[in-house]
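Residue numbers (this note's numbering), protein chains in the order written: chain A, 1 to 248; chain B, 1001 to 1450.
Keep in mind that a hint or two might mislead.
[What the hints assert, rightly or not] Straight line, CA to CA, 27 angstroms or less: simulated BS3-like cross-link-like pairs of lysine-lysine: (1) A:Lys107 with B:Lys1353; (2) A:Lys17 with A:Lys120; (3) A:Lys49 with B:Lys1433; (4) B:Lys1433 with B:Lys1392; (5) A:Lys114 with B:Lys1315.
[Unchecked claim] Not the full set, but computed from the structure, chain B residues with beta-carbon under 8 angstroms of chain A: (6) Cys1071; (7) Arg1075; (8) Pro1100; (9) Cys1104.
Hints are computed from structural coordinates only; laboratory data are not their basis.
In this text, a Cβ means the ideal position worked out from N, Cα and C, and glycines have one as well.
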Amino acid sequence: MSFLKNLENLFETKVDKCLVCNNQIESTFGWFDIFCERPIRKLCLKCEKKFSKIFGDICRTCGRELRHLSIEYYQDGKCMDCIRWEKNNQQFLDRNTAIFNYNDFMKEIISRIKYRGDYKLMGIFNDLIVEKIDFFKKEEFIAIPIPLSEERHIERGFNQAEAFGKACGFHMIHALSRIHSEKQSKKSRSERLKTDQVFRLESLNLAGKKILLIDDIYTTGTTLQHASRILKVQGGAREVHSLTIARS
Amino acid sequence: MKRKVNLQEFLTGRALLDTEIPVEKEVLEDSVQKGFVVKIEGLVDGRCMRCGNSDKHFLGEYPCFRCKTVCLYCRKCIEMGRISSCSKLYTWVGKPFTWPPSRCHWSGRLSEQQMDASKKIIEALKTGQDLLVWAVAGAGKTEMIFGGIEWALKHGKRIAVACPRTDVILELEPRLKAAFPETSIATLYGASEEKHVCAQLILSTTHQLFRFKNAFDLLVVDEVDAFPYSMDAELQLASKEAAKLDATTIYLTATPTREWQNDYFSGKRNGVHIPARFHRHPNPVPTMKWIGDWKKAISKKQVPASLHVWLSKQKNPFLLFFPHIELMNQALPLIQQITPNSLSVHAEDPDRKEKVQMLREGRIQGLLTTTILERGVTIKAVDVVVVGAEDKTFTEAALVQIAGRVGRSPDKPDGKVLFLHQGKTEEMIQAIKQIVTNNRIARERGLLDG
């Protein structure tokens, strides 16, 4: 029966539109479409090509690509930024996994989601990130989104980190809240690095647990380091990893 | 951050989100209590109350932190600030604000045909009718509307001059501000800083009209056929809703659709036709030439023979129109081998303006372009070639507009327009017919010299 139904669908020529460019997605019709129910596509090929997935040699800690860095900016598979965190005894995050490079296209996508508030666009990541997140699911990490301040959360209507976690299919726990409300993106790197603790741990016992923090972008790593510190020092977490859409 | 504004002036004829209104929340709520302002739902039954969208692709849902339910939101007009199920649009329902009368300070002279159109526009305003102004590229459309605007200003009416394209709005702004120095004018487009300024005369992209409801007595829609206005039913609805019920709409275009042309000729549509240019020379008529399988030639890194011949003889500056950006980019290095002084330009090119300027100043000889330069561009002594004129991007209107780039200057009123095609299309034939008809009517009416 489903075979017939699929055929029917074909003749109906249901066209999906790309969530990014709103153009019709050209059908790549094949045998698959006759025997299997066609999944709804959210991205056209043209837009999909504009993403730059992180691959090859990456920094063991922050997950950035190393091949574009000149030789003096990394050592033993770690980038200078991460080595600096270690030297200052501020390295609490065990490892960040980022899926994409923060190219112009990614910049546009994230800004459309975050600042314009186009939540639906987050859906494009569903099919693009499967392999990487399976690991965290199997290993039973506790997923925690980086929170927004109350003020910003009301303004945006949703938390983009939480939205990303949802798109990945994580069950998330809201173990952190924000104390300060100043916008991170308005601060310079040195200002950001100086900032004191910005998070509060909500009463939850995380002793010995493996945590997966979820955020949209890894820029300097300050936010994630702060969150990792409080989770380990106050919460007693054993390991803290993080997952971000992009590494800038 | 909140400035003090007169809410009556600010909200008359508009429907805005609270975040767009620069007054304290209490002041706004107080006006609602007193019945001067009403609040309407942002979305009703899956329809956006600002832009009218109800297409599911352009609607989304999110778990809303503000109202703690799942909110529907509109993706279509999200660039203007997101509208969700829990947002409210505020609009003024008290006594409308009125502006002091002002007049026109333009001191130029109208040609006979411009004068005729200007009179018809004022007539349409007095009788509350809509009017099509069909004026060929180079007829001097802008000056024709000054009379109508002045009449409306004198009678305390509110006016919008809207165009789908930001480029055109930016070009109109200084001319209107110079002609109407006493009038409050606001220019609204995507990146404009005056977005939240309120004025009697609004110069706006059609898109920005979404923020107005029941506001205008006179709506002038320039380039009515231009993308995306002609493509987008919602934008047309927006301009309808922005105007008052008894408003006059003036449609300005060089290339009305075939339906509108027929309606005009048969008398079904009230209109005025200006078939000749300001400089009284005929509109250049395109010629057609077979180009063969040009896509295949370009993919084999060859310039099609007929184009090669044309280019090697070409001395004047030229525009080469391509239907697709990819093919254009493949063709550029090949064409540079014949005319090394060539560049290409497309919609997202950040150096678009600079490159057009280079062509104008003779720093380059040729510019390869997508349809982005089909209108609004004036380059002295330019010739144009449409490569692959059979492509469906090249509609009758597009082809007439492209031909309209040639012979704009009174010192150089002629030039070449060539359609290189792989099979004549109805659109090409109709475009040529339209131009020939315009010239014939112009000659009959004595609007051409020589």
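Cross-check of the supplied hints:
1. A:Lys107 with B:Lys1353: Cα-Cα ~25 angstroms, so holds.
2. A:Lys17 with A:Lys120: holds (13 angstroms)
3. A:Lys49 with B:Lys1433: violated (43 angstroms)
4. B:Lys1433 with B:Lys1392: holds (18 angstroms)
5. A:Lys114 with B:Lys1315: Distance of about 52 angstroms is beyond 27 angstroms: violated.
6. Cys1071: holds (7 angstroms)
7. Arg1075: Holds, about 6 angstroms.
8. Pro1100: violated (39 angstroms)
9. Cys1104: violated (40 angstroms)
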